[in-house]
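Colleague: So the chains spell out like this:
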Amino acid sequence: MTSTCAERGKPVDPRMIEAVLGEIAAQLETFALSGECASIDLGGLPFSGRDREALDARLGRGEIQATIDLAGRSEVWETGFSGVWRVRHFDATKIIVDLVEIASIPEILRSDRRDAKLAAQRLKAALERENAVLAENAHEQ
Amino acid sequence: MSNDQTLAAMLRQRGVSRRAFLKYSSYVASLMALPPSSAGALAEGLANARRQSVIWLSFQECTGCTESITRSHSPTLENLMFDFISLDYHHTLMAVSGEAAEKARQQAMEANKGKYIVVVDGSIPTKDGGVYSCIAGISNQQMLEETLRDAFAVVAVGSCAAFGGIPKANPNPTGAVAIKELVGDKPLINISGCPPIPEAMTGVLSYVLSFGKLPELDHLGRPKAFFGETIHDRCYRRPYYERGLFAEGFDDEGARQGYCLYKVGCKGPVTYNACATLKWNGGTSFPIQSGHGCLGCSEPDFWDQGGFYRPLPTPLGAMGPMLAGAAVAGAALGFGASLSARQHQKTFLAPPKSGEE
Chain A
28 MTSTCAERGK
38 PVDPRMIEAV
48 LGEIAAQLET
58 FALSGECASI
68 DLGGLPFSGR
78 DREALDARLG
88 RGEIQATIDL
98 AGRSEVWETG
108 FSGVWRVRHF
118 DATKIIVDLV
128 EIASIPEILR
138 SDRRDAKLAA
148 QRLKAALERE
158 NAVLAENAHE
168 Q
Chain B
8 MSNDQTLAAM
18 LRQRGVSRRA
28 FLKYSSYVAS
38 LMALPPSSAG
48 ALAEGLANAR
58 RQSVIWLSFQ
68 ECTGCTESIT
78 RSHSPTLENL
88 MFDFISLDYH
98 HTLMAVSGEA
108 AEKARQQAME
118 ANKGKYIVVV
128 DGSIPTKDGG
138 VYSCIAGISN
148 QQMLEETLRD
158 AFAVVAVGSC
168 AAFGGIPKAN
178 PNPTGAVAIK
188 ELVGDKPLIN
198 ISGCPPIPEA
208 MTGVLSYVLS
218 FGKLPELDHL
228 GRPKAFFGET
238 IHDRCYRRPY
248 YERGLFAEGF
258 DDEGARQGYC
268 LYKVGCKGPV
278 TYNACATLKW
288 NGGTSFPIQS
298 GHGCLGCSEP
308 DFWDQGGFYR
318 PLPTPLGAMG
328 PMLAGAAVAG
338 AALGFGASLS
348 ARQHQKTFLA
358 PPKSGEE
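Residue numbers (the working numbering), protein chains in the order written: chain A, 28 to 168; chain B, 8 to 364.
By construction, these hints were calculated from the structure, which means they are not laboratory data. Incorrect hints may have been included.
[What the hints assert, rightly or not] Restricting the straight-line Cα-Cα distance to at most 35 Å, the calculated cross-link-like pairs of lysine-lysine (DSBU-like) are:
1. B:Lys286 x A:Lys121
2. B:Lys286 x B:Lys193
3. A:Lys121 x B:Lys220
The following block holds chain B by itself, in its conformation from the complex (with noise of 0.2 Å):
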């Protein structure tokens, strides 16, 4: 397929009318929280745009990221977004291998010099030279300062991308460090979370495709759009919060009522992500309706806040009799807690200090 031709006359080709743009702009319109109104410009600025060159790189990553956008479950209208990008470059999902991947990548990059999105996922060693992650015998940093030259922007996908994530995990030992630390200048989005939602990605991207510039962006660099309220905010189970009533285990009386996950250690209330409301699977599910509290994997240095299962906020010994207050008073001593974990956020979400584990 020609990169040259507007995507409204590449899909014309396939006998899809302009429909298809506004069927898709409304979805992204609605899960960017956009005005519906907004629907219109969103669908215009992409039929007029060409099909735009992705190269993805694969750092330090399991590949869980890409599974999770290649399995987005709205089949029929998110598979429209791969109409909409070209994938240059992507070791794990192209045909080819070795030099001829290599030279895919350095074709994409010279046909669309200060084009190109670089999709980045995986964070990057830099110790020892980074010698911890080479591929096509190049250092991973090497291969994103060489790619990142002539890019228009950057998309750190995951929490690892786009802070480190499990490879910087104590005591960090290939060095690894956030895109953010290596990009410079260039425009950068994160999108994080282990994995990120699908959704997400593919919101962002056609964002970018319909207005050629970036969407609003909250302090970390991750588009308000997915990651402007905390899982707490739009969680289900917020009422039962509000009121003191808590799971105090996984097979108590209040697990089975589905009461609050706060005294299991859900980190909802200090992860800003849409997995309340965009859930997972086809819209089916998300941890905390299945009976597991919140990890926080879309906020930094998740894996090394003192245990998944360790109420917020920590220490556990100053708010086990608060909360355990709280159970008793209802629905006053419930806000008192909401009120003191959002004191605690800050100290929650800094980073251990040295030698304190």
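This is chain A alone, in the form it adopts within the complex (with noise of 0.2 Å):
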């Protein structure tokens, strides 16, 4: 649930969902056939906490959701429809980045190569000492 105290009793509006919506399909459509990512802000949108339960509702859940723990949660999940991704961060108490990412995986999920290549020199290191450790023991028996 996102919707706040403040919130309670105040209608959904379903024009701006289904504006939304509108707004997804056509990016969907456009990443179908020319692999061009795209990405909607809730947080920039006059949406309520209610609006986007509704929003999400429509949306429905997909086999694919993470979460990510790094400066404070992050959730992110494939939506009913394929190539639709939830990916939401939060700070202690609240969402604080809402976003709809069309892609085939939102950006913040992929391992970064540079990264990945600092992490093969510690893999590589480990391995080593590890390795260095086993001779050491092998030849004082």
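The task is to assemble the complex, starting from two chains supplied on their own in separate frames and drawing on the hints.
Modeller: The structure is reproduced here in structure tokens:
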């Protein structure tokens, strides 16, 4: 649930939700044809928590869900429409970024190759240390 | 921590991946109403930036601006900003004092010539040689001029630094002036407010750090991303205004119903700030949501505009019958009141004439 006490009783605005769904449909069609990704920032729209809940109900849940534990929690899930993702970043108490992403996979889930390069070096160094210890132990025996 | 490393390298040493930049940049892009697609470029800029040296000068101020930025409410994410900058001088927060503190300022200026950012909170007294506020044996004006010499840019945080604020209020006994009067041709960003919204401060610093340039500013030097709309434009009570439904006092039926606070002095229609959207205390509320009108604290000379409870526009007598009519006639006259507020905005924001109190 994302609605707040202040929003209790505030009606959902179906026109706004229809407009956003129309935008998502158009962007998804473009992505399917050309591979061009898109992103919609719901935080920049006059959306209440209840509007977000109504939008998410319309989009449904797909096969993938992920949680990122980095400088606060983040939730990512694919909606019931392939290629349409929801990306939500939280601080301690509330949503601070709320995106609809149209892509194969949201950028935040990808491992950066520069990070991977350093990780490979780190892993290699760890294996070398481990092998050195094993060799030393074997030599002592 | 070294200032020579890129921020990506610095965070990597702590086991933090580049995702941190993407997440932070998505947040800044959202705050500054940048297209979500710009988050990637913002993240790349941040990751490749060096830790930014910041010299924070506090002059005629109350420390509220520092309280605001250090009490920002996304501790896990916004704390990253404090990794991205090297706060080399801030006489309230730094552990050292006296000569050691001043030496730190001099060292930061020397080591980061042409690259450091000067953040100023508080106005500068200029009367009587600036004797009304001195630090380390020199006047505030001398310290500002000395520190600005090799600065990359200046950020005036709070209404005192941006516009003179309360120290400049009539009769301005210390001859207080805004920072813009003394910065010459140095790039200047004003982040007004009493205090400013912490996200506006961190958002602007992140933008400068990522893109190496100033964000788009309004005619008062404020970032349009945070000061592009009035409080009234985004106020959740706006529909009541349009329908001509107003609270007449703080304890009447209108106040209980949550009607528009225009008639009890709300300055929202002439105040540009992001309080109605970003809110305060971790997005909990803002003055209007707590039942009090906006004071207009992010506008120049807000203290001298004739009273916080005096309805816009002044004089009161001119608006009374119109607003009474609006309450009866509903939306049409509410719209009329809106137009009238716009027309009177310039009058309201003009500084009072000499002797007019």
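Colleague: Does lysine 121 of chain A lie within 35 Å of lysine 286 of chain B when you go C-alpha to C-alpha?
Modeller: Satisfied, since the Cα-Cα distance of roughly 13 Å is no more than 35 Å.
Colleague: Can you confirm whether the C-alpha distance between lysine 286 of chain B and lysine 193 of chain B stays at or below 35 Å?
Modeller: 31 Å, holds
Colleague: Take the C-alpha atoms of lysine 121 of chain A and lysine 220 of chain B, compute the straight-line distance between them, and say whether it is at most 35 Å.
Modeller: Roughly 31 Å separates the two Cα atoms, so the pair holds.
Of the numbered hints stated above, none is contradicted by the structure.
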